[in-house]
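Following the hints, put chain B in place on chain A, whose structure we already have.
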Amino acid sequence: AQSVTQLGSHVSVSEGALVLLRCNYSSSVPPYLFWYVQYPNQGLQLLLKYTSAATLVKGINGFEAEFKKSETSFHLTKPSAHMSDAAEYFCAVSERTGTASKLTFGTGTRLQVTL
Amino acid sequence: DAGVTQSPTHLIKTRGQQVTLRCSPKSGHDTVSWYQQALGQGPQFIFQYYEEEERQRGNFPDRFSGHQFPNYSSELNVNALLLGDSALYLCASSGYRASYTFGSGTRLTVV
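Chains as they are written, first to last, in the working numbering: chain A, 1 to 115; chain B, 1 to 111.
FYI, nobody ran anything at the bench for these hints, they're computed from the structure. Quick caveat, the model's predicted, so the values are computed rather than measured.
A short list of chain A residues far from chain B (calculated; beta carbon distances all over 12 Å):
(1) 11
(2) 17
(3) 20
(4) 27
(5) 30
(6) 70
(7) 77
(8) 79
(9) 112
(10) 113
(11) 114
Computed from the model, here is a short list of chain B residues facing chain A with C-beta under 10 Å:
(12) 4
(13) 9
(14) 47
(15) 58
(16) 99
(17) 103
(18) 107
We put the beta carbon where it would ideally sit given N, CA and C, even for glycine.
Isolated chain A, as found in the complex (with noise of 0.2 Å):
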């Protein structure tokens, strides 16, 4: 079975750091790899994927992601942090059984954003 694992259940960075978010993961084959962020009492929104393209990935509100084969890592960053960041991220990693596909989650990374 797949699994990721997020470093790091709090990560705390001041407006204007670099964010970095930690997963690995653990596939047997090429794996689907995401980022969803949660805000308070809200469902979750894609930020980006990785479906074996191109290994660095953008996505929405400045983050991108760098799938590393050889580190079996899939780490999320953000060049500058911004107060609407704060939220929790979770990393993902698609599994397929047959003609069916689930996703498995991390459990997520609160990201606080200080003044």
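What follows is chain B alone, placed relative to chain A:
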């Protein structure tokens, strides 16, 4: 274009009761998946419906059941509610070559 719509947004039930949650998928999507997100955790896959059939199921007891209708909308039913069933229930729809789109969820509280 409406996204995924879930109802109700909040629900309070008593232990032992039964609950039904509803989901309307995004236009053009034919597959509906349900996830349970306990407080402070990542979402956990419950099951997926396609062409009105349960196509895949996660590690959830039979108390959790579902249905998909011809218009692709879906229901999640939970019987004999336990306190541990309190969670945010998320519906996600998808289609051919289309990524998952999540609804805002139904917050279920079991007292």
